Amino acid sequence: MPQAFDYQKQNLPPIKSLRHAPREEMYLPGHRTCAGCGPALNYRLVAKAAGKDTIFIGPTGCMYVANASYLCTPYAVSWIHAQITNGGAVGSGIEAAYKILARKKKYDGPFPNIIVMAGDGGSVDIGLQAMSALMYRGHDVLFICYDNESYANTGIQTSPTTPYGANTTFTPPGKMIPEGKTLFPKDPPQLVIGGHPLVKYVATTCISYPVDLMNKVRKALNYDGPSFLHMLSPCPKGWKFDEKLSLEMGRLAVDTGMWTLYEWENGVYKYSRLPKKYKPVGDYMKFQGRFSHLKAEHIAKMQAFVDEKIQRIKAIAVEAPIPTPKKKAR
Amino acid sequence: MAKELMLSGCAAAAQGAKFAEVEVICSYPIRPYTAIMMELSRMVANGELDAEFVHGEGEHAQVSVVLGASAAGARAYTGSSGVGVTYAFEVYSPAAGGRYPLQMAIADRTLDPPGDFGSEHTDAMSARDQGWLMGWASTPQEVFDNTLINYRVGEDQQVMLPQFVCQDGYFLSHIPDKVVLPDIAQVREFLPPYSAPHPLSTTCPVSHGPQIKPDQGAVMDAQRASTFLIVPEVIEKAVADYNRIFKRNIPPFIEKYKMDDAEVAFFIMGAHANTCKKAIDQMRAQGLKAGMVRPRWVRPWPTKQIAEAFQNVKAIASVETSTSYGGAMRGGNLVHELRATLYDLEKRPLVTSFMAGLGGDVILFEDFHFMAKILNQMVKEKKTSKHVYWIGFEED
Chain A
57 MPQAFDYQKQ NLPPIKSLRH APREEMYLPG HRTCAGCGPA LNYRLVAKAA GKDTIFIGPT
117 GCMYVANASY LCTPYAVSWI HAQITNGGAV GSGIEAAYKI LARKKKYDGP FPNIIVMAGD
177 GGSVDIGLQA MSALMYRGHD VLFICYDNES YANTGIQTSP TTPYGANTTF TPPGKMIPEG
237 KTLFPKDPPQ LVIGGHPLVK YVATTCISYP VDLMNKVRKA LNYDGPSFLH MLSPCPKGWK
297 FDEKLSLEMG RLAVDTGMWT LYEWENGVYK YSRLPKKYKP VGDYMKFQGR FSHLKAEHIA
357 KMQAFVDEKI QRIKAIAVEA PIPTPKKKAR
Chain D
961 MAKELMLSGC AAAAQGAKFA EVEVICSYPI RPYTAIMMEL SRMVANGELD AEFVHGEGEH
1021 AQVSVVLGAS AAGARAYTGS SGVGVTYAFE VYSPAAGGRY PLQMAIADRT LDPPGDFGSE
1081 HTDAMSARDQ GWLMGWASTP QEVFDNTLIN YRVGEDQQVM LPQFVCQDGY FLSHIPDKVV
1141 LPDIAQVREF LPPYSAPHPL STTCPVSHGP QIKPDQGAVM DAQRASTFLI VPEVIEKAVA
1201 DYNRIFKRNI PPFIEKYKMD DAEVAFFIMG AHANTCKKAI DQMRAQGLKA GMVRPRWVRP
1261 WPTKQIAEAF QNVKAIASVE TSTSYGGAMR GGNLVHELRA TLYDLEKRPL VTSFMAGLGG
1321 DVILFEDFHF MAKILNQMVK EKKTSKHVYW IGFEED
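Protein sequences appear in the order of chains A and D. The numbering used here puts the first sequence at residues 57 to 386. The numbering used here puts the second sequence at residues 961 to 1356.
Don't take every hint at face value.
Claimed, not checked - Mimicking BS3-like on lysine-lysine, the simulated pairs with C-alpha atoms at most 30 Å apart in a straight line are: (1) A:Lys104 x A:Lys72; (2) A:Lys160 x D:Lys1340; (3) D:Lys1274 x D:Lys1333; (4) A:Lys326 x A:Lys72; (5) A:Lys296 x A:Lys275; (6) A:Lys108 x D:Lys1173; (7) D:Lys1173 x A:Lys293; (8) D:Lys1173 x A:Lys104; (9) D:Lys1333 x D:Lys1138; (10) A:Lys162 x D:Lys1197; (11) D:Lys1340 x D:Lys1249; (12) A:Lys160 x D:Lys1237; (13) D:Lys1173 x A:Lys296; (14) D:Lys1238 x D:Lys1173; (15) A:Lys65 x A:Lys256; (16) D:Lys1249 x D:Lys1216; (17) D:Lys1307 x D:Lys1216; (18) A:Lys242 x A:Lys231; (19) A:Lys65 x A:Lys162; (20) D:Lys1138 x D:Lys1274; (21) D:Lys1274 x D:Lys1307.
Unchecked claim - Simulated restraints on C-beta separations: (22) A:Phe226 x D:Ile1172: 25 to 31 Å; (23) A:Leu254 x D:Asp1010: 45 to 51 Å; (24) A:Thr238 x D:Glu1050: 26 to 32 Å; (25) D:Ala1005 x A:Asp243: 50 to 56 Å.
Keep in mind the hints are simulated off the structure, nothing from the lab. Computed from a predicted structure; not experimentally measured. Glycine included, each C-beta is placed from N, C-alpha and C at the ideal position.
Modelling step: build the complete structure from the supplied sequences, incorporating the hints.
Pasting the structure below:
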């Protein structure tokens, strides 16, 4: 394999504010997602940031079933369905193909942004093996876990990122199991950071902070090699909250410490929007029907889990300012 | 310049892939097909072949990687054996439904349990309804030929289908035989570079594999079924070109051995056919008019050619190297297809089946002679008294 070959890697500049974001939409209206759908907004922002020289891989999940209807798909860039199991592997194959096609001069454009847009199941549950192998082998692919914290497409079943205490159709609260889900979630970015030497960039985002989100997408794409984004995508149907509150849920997740915005770049952590004083987790949970069955003792258990996480962050935190939208732009 | 080498089936497959100038290869180790990937990785490492060699994390990933590569417009190659073939099962249907003409070499192997390295056709045969082209070779030379012929047929713009190129584990995959390697210029004449009609592209955006509504499903199924109706024409043309360019004489669909005046015949697939032919010579020396038909394809099934070949035969032994527990004939898979193929013949031959070569067992001359004895008995009694005989378990 000729190491020195110039694959014409793209270099996407940072976006200063929402007003400076590209006007072109690469994820268009006309899909069938729910009102207030967090993953759909997430998709729109990712596609906008990535631009036209992009190929999406969409493993089965909400963003497959509700988007890609035959003869009417919302993608203005190339998109391919993958099984829920194999987003990482299909992405690897596409990247390998573009490398050899470029070397053989069968393709001479800019190297595409290859993005796997997988849900939590397709990333860290049934799709974990393919995702991890992509990261390990070092393909120039951005793997995104858009996390709506459940298997929402099939009717809200528990996934490894579903929070403790959530009522899902596989973890219904009952006399014997009053809290519904009894387990605490997997930590997707830590899974990636922990064991994949070729990964240089991992970050977390939330749709409530769109400029931060788009810049992390661009930064991830600009890295030559694999990168991973864990993107909180509130789901009105699955979490059972009023659909007009999708962005508010994201903000509250950050303000309570339920979600943490950070970047991990070449081994260095940078946290952003760390609240000076965290709100209690109850402020976030009270809006969501999935937690409505919980008793005070369960909420206390959740608070203890978050407090412990906050302590860990404090131990390594280096707070860095990131571009945020001005009030006017919001 | 063409040259002749002694190559195992695995080495022949690797040479086939090299001459096809495959662009993306995805490997995962499992015996016995692994030797194909060992060869290819060596070729990529020493610069004999410029390809992306991806170490898949399993067979499911192997097929997924080559699916992605094919969707992006590259000629892609993978392979497996035994439980590896079944581990990848989910991705077979998307590969065929997506019309990705990738190739998967299968050196067949028994399925677990118990763990057994031996050859058996059940692994690949269980994937025969996934919409791929499929066929078995009987010599390393044929493995090489089939690799090129399958790419040519699969990549035909009227076809656009993935291909299982199968060979018997060990009997073929690990026993060297003479293979003539052609000139690369000849190969390029036969097999032009792959050009995907609608690749995942940045200049012409496409969506691959969207969701359909139930009423759109039958239309697509019918389209795929009708594709298989034209595949035989494409095979015929491809094999004719192959024979012309490489000065060969390969039959496009079935190999017939001493069938002109045959009264009893064997129907057999893969490397065991070589033993069968020698056994037929022995039978002929004893005065028995025996013959053999060996299908080169399972999908598309050469219905017309098989029916024609057997139209004047009195009794047929279907030699099963696969299992179909609880199936209509209580034995293997082939006999179901064979009996259906012969149903419309005016003079329908008697057909029985023999479970032989299972678990990697060798099928001996004496086994074929035993089968011939049963066939003779059937001819005498003018009936098929048993649908399945288990070789080695029957009373003489």
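Original post:
What are the numbers of the hints that this structure violates, sorted from low to high?
Top reply: 2, 5, 9, 12, 14, 20, 23, 25
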